Amino acid sequence: MKKYQVTKKQCQKHIDQVNNVCDRCGRKIVPIKTVDNSHNPTYWAGCFHGSKDKDAFGNFTYGVPKETYKLAYKLVLQDNLYLGMKKEKGSDFEYLFQNGVSKICGILNDIEYIKNNKPRYTKTQLRKDYIKYYK
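Residue numbering for the sequence shown follows UniProt numbering, beginning at 1 and increasing consecutively.
Calculated from the structure, these hints are not laboratory results.
Incorrect hints may have been included.
Derived pair list, reagent style SDA-like, types lysine to any residue, alpha-carbon separation capped at 20 Å [stated by the list, open to error]:
no.: 1; residue 1: 3; residue 2: 44
no.: 2; residue 1: 33; residue 2: 12
no.: 3; residue 1: 33; residue 2: 48
no.: 4; residue 1: 87; residue 2: 73
no.: 5; residue 1: 74; residue 2: 106
no.: 6; residue 1: 66; residue 2: 131
no.: 7; residue 1: 74; residue 2: 44
no.: 8; residue 1: 8; residue 2: 62
no.: 9; residue 1: 66; residue 2: 49
no.: 10; residue 1: 13; residue 2: 34
no.: 11; residue 1: 118; residue 2: 107
no.: 12; residue 1: 74; residue 2: 25
no.: 13; residue 1: 70; residue 2: 19
The structure presented is a predicted model; accordingly, all values stated were derived computationally and were not measured.
Using the sequences and the hints given, assemble the complete structure.
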């Protein structure tokens, strides 16, 4: 019998506790069977974006609150093609739209975090990094 690092039941319990949705498509998060970096069997939270076939590839994510997803979705619709929908050759609209919504979900999460926490960098640190990478 395989020993899972995180069982499906443990993963589902955590998913139920946070009650998030996928930051790309808004569907419920589910346990996805995978292996960890040491190749041990485990389950991680994620989403298959509605794909049901046996070769469906899941996206690992703990998701975002439903309210965050809905706001990000509306912001991408409000902003047309600028906010998050970076054109990539060969990509279809649905893929780009989901990327845009996911990107805005990340920004909204950062806004919520920063309301009560210090930023990751000081302006001095950011200036040093800017000079290091762009000059």
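Hint check, failures only: 6, 7
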